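**Student:** Spelled out, the chains give:
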Amino acid sequence: MTVTDSPSRALSPEGSRNSEHTACGAVITHDLMKTFRRSSKPAVDKLNLFVPRGSVYGFLGPNGSGKTTTIRMLLGLVSPDSGSVEVLGQSVSCRTSDTLHKVGALIEGPAFHPYLSGEANLRRLDAADTGVDPRTSSTRIGHALERVGLTAAAGKTFRTYSLGMKQRLGIAAALLCERELLVLDEPTNGLDPQGTREVRSLILELAAEGVTVLLSTHLLSEVEQVCSHVGVLRAGVLQAQGPLASLRPTPQLRIVTIDTVSTVAVLDRLGIAATVNDSGSVVAAFSAENPQPPDILRSLVNEGIAVREFRIEQPNLEETFIELTGEGFDVSG
Amino acid sequence: MSAVSPLALRAPGFRLLRSELRLIVGRRRNQLGLAVLLILPIIIAFTVKATDTSEGGDFIGSISGNGMFVALAALSAALPLFLPVAVSAVSSDAIAGEAHQGTLRYLLTVPVSRARLLAVKAIAVAISCAGVTFAVALVGLVIGWILFPIGDVTLLSGTQISQGEGIARLVGVCAYMTLCLLALAAIGLFFSTLTEQPLGGSIAVIILAIVSAILNEIPQLDWLHPYLFVHHWMVFGDFFRAPVLWDNLREGALVSLGYIVVFVSAAWAHFTTKDITS
Amino acid sequence: MDIFTKRPKLRWFVPVVFASAALAIPLASGAIFADDDTPALPKKTAQELLTDMRDSEVDGFSGTLVKNADLGLPSLGGDADFAALSGGTHTLRVWSAGSDKTRVALLGELGESDWIHNGKDAWFWSSEDNSVIHEKLDASEQPAPPNASHTPDQAADEVLGLLGPNTDVATDGTTRVASRDAYELVVKPRTDTSLIGEVRIAIDAEKSVPLSVQMFTKTGTKPAFEVGFTHIDFQKPGDEHFRFTPPPGAKVSEGYDNAGDKAWEDMINEGTFVGENWEAVWVGNGANLDEEAQRMIRALPAANGEWGRGHILESKLFSVLITDDGQIYVGAVTPERLYEAANSK
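Chains as they are written, first to last, in numbering that gives the first Met the number 0: chain A, 0 to 332; chain B, 0 to 277; chain C, 0 to 344.
Everything labelled a hint here was simulated from the structure, so no lab data went into it.
None of these values were measured; they are calculated from a predicted model.
Keep in mind that a hint or two might mislead.
Claimed, not checked - Listing some non-contacts, in silico: residues in chain B with all C-beta distances to chain C over 12 Å:
(1) Q100
(2) G101
(3) A134
(4) I145
(5) V254
(6) L256
As the list claims (entries may be wrong) - Distance ranges between label pairs, derived from CB positions:
(7) B:L198 <-> A:R36: 19 to 25 Å
(8) B:I206 <-> C:N276: 50 to 56 Å
(9) C:P41 <-> B:I209: 52 to 58 Å
(10) C:K8 <-> A:L162: 53 to 59 Å
Virtual Cβ for every residue (Gly too), placed ideally from N, Cα, C.
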């Protein structure tokens, strides 16, 4: 199912699933700083990003939090004031962009020449690439269009595309040749539910092939569905970073009963520190090491406690992120 | 794609250049501008034919003697405004057009090195400048030869040369004009790296051309005149003197080269270091 | 290139260096007048220079010269017209191969007027009018181009004709004109009534011919009139430069149709001179001037004195007084000198 005639593949046969690479990051930044002229606050402040190889990294943050600026610095479009960027093991600056050949990108929405057809736009981008074999150009373009489901509309001018089709063409451009890293900025923006599903499954498909994906988004559901790792940015500062599971808050045990004192005592015996909250429920943080819920319930019943309600609550990830980003998902100054 | 294209054009450098030229030629606005420019020699030829003029400056008077002068009359009519407008539009579109459309960030992440992209853009603009100048001359030549005699060419000095030598001198005129326009194009290219608004850059170039044309008319500023690019434009007529008067042409060529070197290097210095936020 | 990678902003150094170089290299076409080189040449007295100049013999030459008149008068006419030579800046090409072969081309923007004298024929060609005027000449006849003082040579002749007791002649070091070494001769009228402050003549060190003539007023620091070569070649030009056949389609007329010019010519010839050398005033009768000339005169500032009433034209290098009774006084002198001449009439 993968393209096999791309020279880049031949040059780097090891692929990113190789064990020695999984240890190092596909994207690593050290104390990345950027302050734009005419602005007093840094757009990106001492950012230490670590995107492990083979991961699908969700880059979360409200609009204006510095996600795009970071992505532009990763791709050599904007030069950092200080700090360093390493992409696929090589340092990136505005001058050296060899590694970018292995990086496909969708930055701040798709942008193409409106009077050229979708295919002609891709051909133009392919013509600009000195690292590919022109003879395979048509094959690769055809394949990329097929992957995003644009084969039928390939000959239409970009101007006539719907927002979703434009977005798909942007993803097709990122897939023009074999990539090791995909940087996708809001890839499902403007897509209908069906398109959104398709793109998400495409991302998972690519990830399964071993491609590292850096997915910038503001949609939590997207992160929950496709990401293995997550980083949260707020006003240019990285708030949290790591595997998605590590950021997920611990589930909560909630018991509604009249006999709160006994309940707390029983739980304490089971090694669970519980408290009584304002509404009179017994609550406790619940982790995997704790006894299983049926065992807890049995102990309570054995003590003769009338349990009116017993539930393990999976707290909303959104609340965690609102906490991390402070003001929620409004535009931050 | 096409199996017939020469192998050399498949080389990586040429692929982007070819794509660039196709983009310039394919733009409706450019096609319209070119059409307007190419109608100019036709209008001149038919007007002279209808009024049977045999005198008048700017080569108009010479047309009835030899159709080749339609090309020169058209070029001299287009040089002060039409050609600069065309050149400013194409040159300021080079980088700013891509920035405006957002395609610049995608080209650069392909990746294309910025210096290479600038070089390809500059070459494409240069080819456009030459193309438009030679196209006006060619259409003038063809329509002139259809409507007026072909034969010996009377120079501004009143002496005559063969038709063949006349063509050679016309080619010289076109080459010189192209060089003059390239000076303007270099400025346009530089402006193009400064802004994301191609129209703004284009207007700035035209204003610059108009201002220097005005300054060139103020005798008190004669010390400044040799440094103005427009000052040297109209000396292309020196190709049609007996013998060719090279002094002013050489000076004009040097001044144009100076502008080209300064502004292309400035475009390079700025474009290769700027933050692309478009 | 490495430094440009480490310190990208240093790239601006490149265009700045190019720009400074471009500005520093003098590109001015009129660079001859600004040429302040002073080549080391064997010392010569003014008298030696004058003698050399008189004895100089040049087979022929060709060159380009620039003429600049800043007389404080409005410029009239197109730039490829010989009549326009009275004011503004003009470029001419000159070829000369002996006394019977001369070609002068006045260059205009996309136009040219040529005057060609070749043996018994004189041609005058105007590209703008697409016209040719042909004159048959007697063997002895020495025709003059349509407007006098075209070459530094002729201008110098006229200036040297004014040398007299009230003149200082001195050398003033050396200079470079048209990329050639030259001596500089300074001629200074010793009179209060002349408008001319001094005349500087650059004389070619090798060939002893004038390369440029600059006339300064008493106050001005820039020449009010100057003519000088920007390029000169002392090789005798080939015959092809003097051959002329009217191109097909041109209007050809035999002889000048100069009824208008004739009236002027007669008037000038009938005039007389009052005073000598620098103070000379030409006096003529302008009663027959046409209506247009009369109207222009009436537009001039009025003047009056013992001599009566009239109008005065003042320029940097000459003054003209036209009295109401039709007398015209012209001289390179102050108006006071003209009034004096009018009084003495």
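**Student:** Evaluate each hint against the coordinates.
**Tutor:** Results for each hint:
1. Even its closest Cβ contact with chain C, about 26 Å, leaves B:Q100 beyond 12 Å, as expected for a residue assigned away from the interface.
2. The Cβ of B:G101 lies farther than 12 Å from every Cβ of chain C, with a closest approach of about 24 Å, so its non-interface assignment holds.
3. The beta carbon of B:A134 sits about 21 Å from the closest Cβ of chain C, which is more than 12 Å, so the claim that it is off the interface holds.
4. No Cβ of chain C comes within 12 Å of the Cβ of B:I145; the nearest lies about 18 Å off, and the non-interface call holds.
5. The Cβ of B:V254 does not lie farther than 12 Å from every Cβ of chain C; its closest approach is about 6 Å, which violates its non-interface assignment.
6. Distance to chain C contradicts B:L256 as a non-interface residue, since its nearest Cβ pair spans about 9 Å, not more than 12 Å.
7. Taken as a hint, the range 19 to 25 Å holds for the pair B:L198 and A:R36, whose Cβ atoms sit roughly 24 Å apart.
8. With their beta carbons about 55 Å apart, B:I206 and C:N276 fall inside the hinted range of 50 to 56 Å.
9. Checking the proposed 52 to 58 Å range against C:P41 and B:I209 shows it holds: the Cβ atoms sit about 53 Å from each other.
10. A hinted range of 53 to 59 Å is violated for the C-beta pair C:K8 and A:L162, which are about 40 Å apart.
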